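Chemist: At the far end of the sequence shown sits residue 211, using our numbering, and the numbering has no gaps.
Hints in this document: simulated from the structure, not taken from any laboratory.
Owing to the predicted nature of the structure, the values given are computational and were not obtained by experimental measurement.
Hints are not guaranteed to be accurate.
[Unchecked claim] Listed below are the simulated BS3-like cross-link pairs for lysine-lysine, each with C-alpha atoms no more than 30 Å apart in a straight line:
| id | residue 1 | residue 2 |
| --- | --- | --- |
| 1 | 181 | 151 |
| 2 | 143 | 181 |
| 3 | 41 | 151 |
| 4 | 89 | 159 |
| 5 | 38 | 184 |
| 6 | 159 | 41 |
| 7 | 38 | 89 |
| 8 | 159 | 38 |
| 9 | 41 | 120 |
| 10 | 120 | 151 |
| 11 | 181 | 38 |
[Claimed, not checked] Per label pair, the in silico range of CB-to-CB distance:
| id | residue 1 | residue 2 | range |
| --- | --- | --- | --- |
| 12 | 28 | 99 | 36 to 44 Å |
| 13 | 200 | 134 | 47 to 55 Å |
| 14 | 88 | 174 | 24 to 32 Å |
Don't be surprised by glycine CBs; every beta carbon is placed ideally from N, CA and C.
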Amino acid sequence: MKKIKYLALIVGCLLSGQSFADDSEALQQQLAAIKSFKAQFSQQVTDSQGEAIMQGEGNIALQQPMMIRWQQQSPDDTLFVSNGDKTYYFDSFAEQVTIMNTHSLIDSTPFVLLTSKDPEQWAKYQVVATDAGFSVTPNKGVESQVEKLDIHFNAKEQGLASLTVLDTSGQQSLFTFKDAKVNEALAAQTFEFTIPEGVEVDDQSQGD
């Protein structure tokens, strides 16, 4: 479950005071120009003392609104897919699929801003422009497992360059993207998931 919650921070996606409002609008404009995004990623995780504790790699696909496919290929083989309505988390080693209601997940993470234009979601976060991009933090009273999300755009071409996530435990994850494809047509099945035969299914979406 801890792994599921961690991946939920990356979902499927991504304001107070006049200057903060201006920064929020600027970020929204840049994200709105990215209708779809597909790339390979490398991941570096450090603990609260800055010590490296994990490296990984995988691929990501994003599409507005509220669609994500996040596949971790190492160190574990896991798949997180959201079609905007339901979210599926598949752990091939455990042979288990967890089904969740997407909207119950997106309320607790700033990653929703990456693929959402919902003013109610944006109102939950404070956006500040930085030298490298934008820093997003939840407003006081917003329940989030992410303390800060830094979004960096590619300076030479359209698209995301990296995301840095600081969670409530002090652990920091840097995701760096490469071989990015922006605003290309993505197949509809990219964001759909067929449950394999014989796996255990934990359906948590019915009670949401």
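Chemist: Now look at each hint and say whether the structure bears it out.
Modeler: Verification of the supplied hints:
For the hint pairing residue 181 with residue 151, the CA-to-CA distance comes to about 23 Å; that is within 30 Å, so the pair holds. Straight-line distance between C-alpha atoms of residue 143 and residue 181 comes to about 34 Å, which puts the hinted pair past the 30 Å bound. Restraint check for residue 41 and residue 151: the C-alpha separation of about 23 Å stays at or below 30 Å, so the hint holds. Distance restraint check for residue 89 and residue 159: the Cα-Cα separation of roughly 35 Å exceeds the 30 Å cut-off, and the hinted pair is therefore not satisfied.
Between residue 38 and residue 184 the alpha-carbon distance is near 11 Å, which keeps this suggested pair within the 30 Å criterion. For a cut-off of 30 Å, the pair hint linking residue 159 to residue 41 stands: about 17 Å separates their Cα positions. Taking the CA atoms of residue 38 and residue 89, the gap is about 20 Å. The hint holds against a cut of 30 Å. Note on residue 159 and residue 38: the hinted pairing holds, with a Cα-Cα distance of about 18 Å set against a maximum of 30 Å.
For the proposed pair residue 41 and residue 120, the alpha carbon gap of about 19 Å is at most 30 Å, so the pair holds. About 20 Å separates the Cα atoms of residue 120 and residue 151, which keeps this hinted pair within 30 Å; it holds. The hinted pair formed by residue 181 and residue 38 meets the criterion: a straight-line CA distance of about 18 Å does not exceed 30 Å. A beta carbon spacing of about 42 Å between residue 28 and residue 99 agrees with the range 36 to 44 Å that was offered as a hint.
For the pair residue 200 and residue 134, the supplied restraint of 47 to 55 Å holds, since their beta-carbon distance comes to about 51 Å. A hinted range of 24 to 32 Å holds for the C-beta pair residue 88 and residue 174, which are about 30 Å apart.
Checked against the numbered hints listed earlier, the structure breaks hints 2, 4; every other hint is satisfied.
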